[in-house]
Amino acid sequence: MGRTIAIANQKGGVGKTTTSINLSASLAEKGKKVLVIDTDPQGNTTSGFGIEKNELENTVYELILGECSIGECIINDVIPGVSVIPSNVNLAAAEIELIGVDKKEYILKNEVDWVKDKYDYIMIDCPPSLNLLTINSMTTADTVLVPIQCEYYALEGLSQLIHTVNLVKERLNPALEMEGVVFTMYDSRTNLSMQVVENVKNHFKQNVFNTVIPRNIRLAEAPSYGMPIAMYDPKSAGAEAYRLLAEEVINRKDV
-7 MGRTIAIANQ KGGVGKTTTS INLSASLAEK GKKVLVIDTD PQGNTTSGFG IEKNELENTV
53 YELILGECSI GECIINDVIP GVSVIPSNVN LAAAEIELIG VDKKEYILKN EVDWVKDKYD
113 YIMIDCPPSL NLLTINSMTT ADTVLVPIQC EYYALEGLSQ LIHTVNLVKE RLNPALEMEG
173 VVFTMYDSRT NLSMQVVENV KNHFKQNVFN TVIPRNIRLA EAPSYGMPIA MYDPKSAGAE
233 AYRLLAEEVI NRKDV
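Using this note's numbering, the first residue of the sequence shown is number -7, and each one after it goes up by one.
Wrong hints could be hidden among the right ones.
[To be verified] Result set (PhoX-like, lysine-lysine): computed pairs, CA atoms no more than 20 Å apart in a straight line:
1) 110 with 24
2) 96 with 161
3) 227 with 22
4) 25 with 108
5) 95 with 161
6) 22 with 161
7) 25 with 110
8) 101 with 22
9) 25 with 101
10) 24 with 96
The hints are simulated quantities; they were obtained by calculation from the structure and are not laboratory data.
Kindly produce the complete structure, drawing on both the sequences and the hints.
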């Protein structure tokens, strides 16, 4: 049975999409079969895998509105071991179109249940806001992984997000757990980065990944080439960091 991880943070620019793409690719590199679901209307995860997002017939938008089956919107093996349910700007209208729909918080979960057994991991890239798409992602997920940029306001956003995770757990998905916090854009030359890491570790002792994702030029370049870092520059510090994170995620399953 596959494990479903929502990658969420309502702050934008924290490395959520970078983590969705590169953690998925690193899990596939380790022989895992991965499905990535892009629930962000910006569609950056979709284009980060080299998919032309504006020329798609079936996306997560059509899936949520019941206009296609989940099989019809999966793009298989965009890279070896990784399949993608894509997204584009159309998805921004989904929330309005679902007003009045019964059990709308469970639409994505009900679709994903059809294919869950076919994958080792299902990764959901959530939009950078707390809306119906994020809630659908959290009702579908087993765990929530939170990327945090090493900056002053990191803790502020984190406590809001954990409050949301707890609300979803209480009301919609009792099995939902925190996968953990992963630090992104870490710059070892600044005291601030180190302080943020220490601060968060003191608050959330059990749920912080050991792997820290560095601020890395190659990592920032890779999406414009439509490739995960493991393919764009396999020997870069960013690629190595995501491999280590993938190992931690795999090992957490056995804890």
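So, going through the hints one by one against the coordinates:
no.	hint	result
1	110 with 24	holds, 11 Å
2	96 with 161	holds, 16 Å
3	227 with 22	holds, 16 Å
4	25 with 108	holds, 11 Å
5	95 with 161	holds, 16 Å
6	22 with 161	violated, 31 Å
7	25 with 110	holds, 8 Å
8	101 with 22	violated, 26 Å
9	25 with 101	holds, 19 Å
10	24 with 96	violated, 31 Å
Hint compliance for this structure: hints 6, 8 and 10 are not met, and every other hint is.
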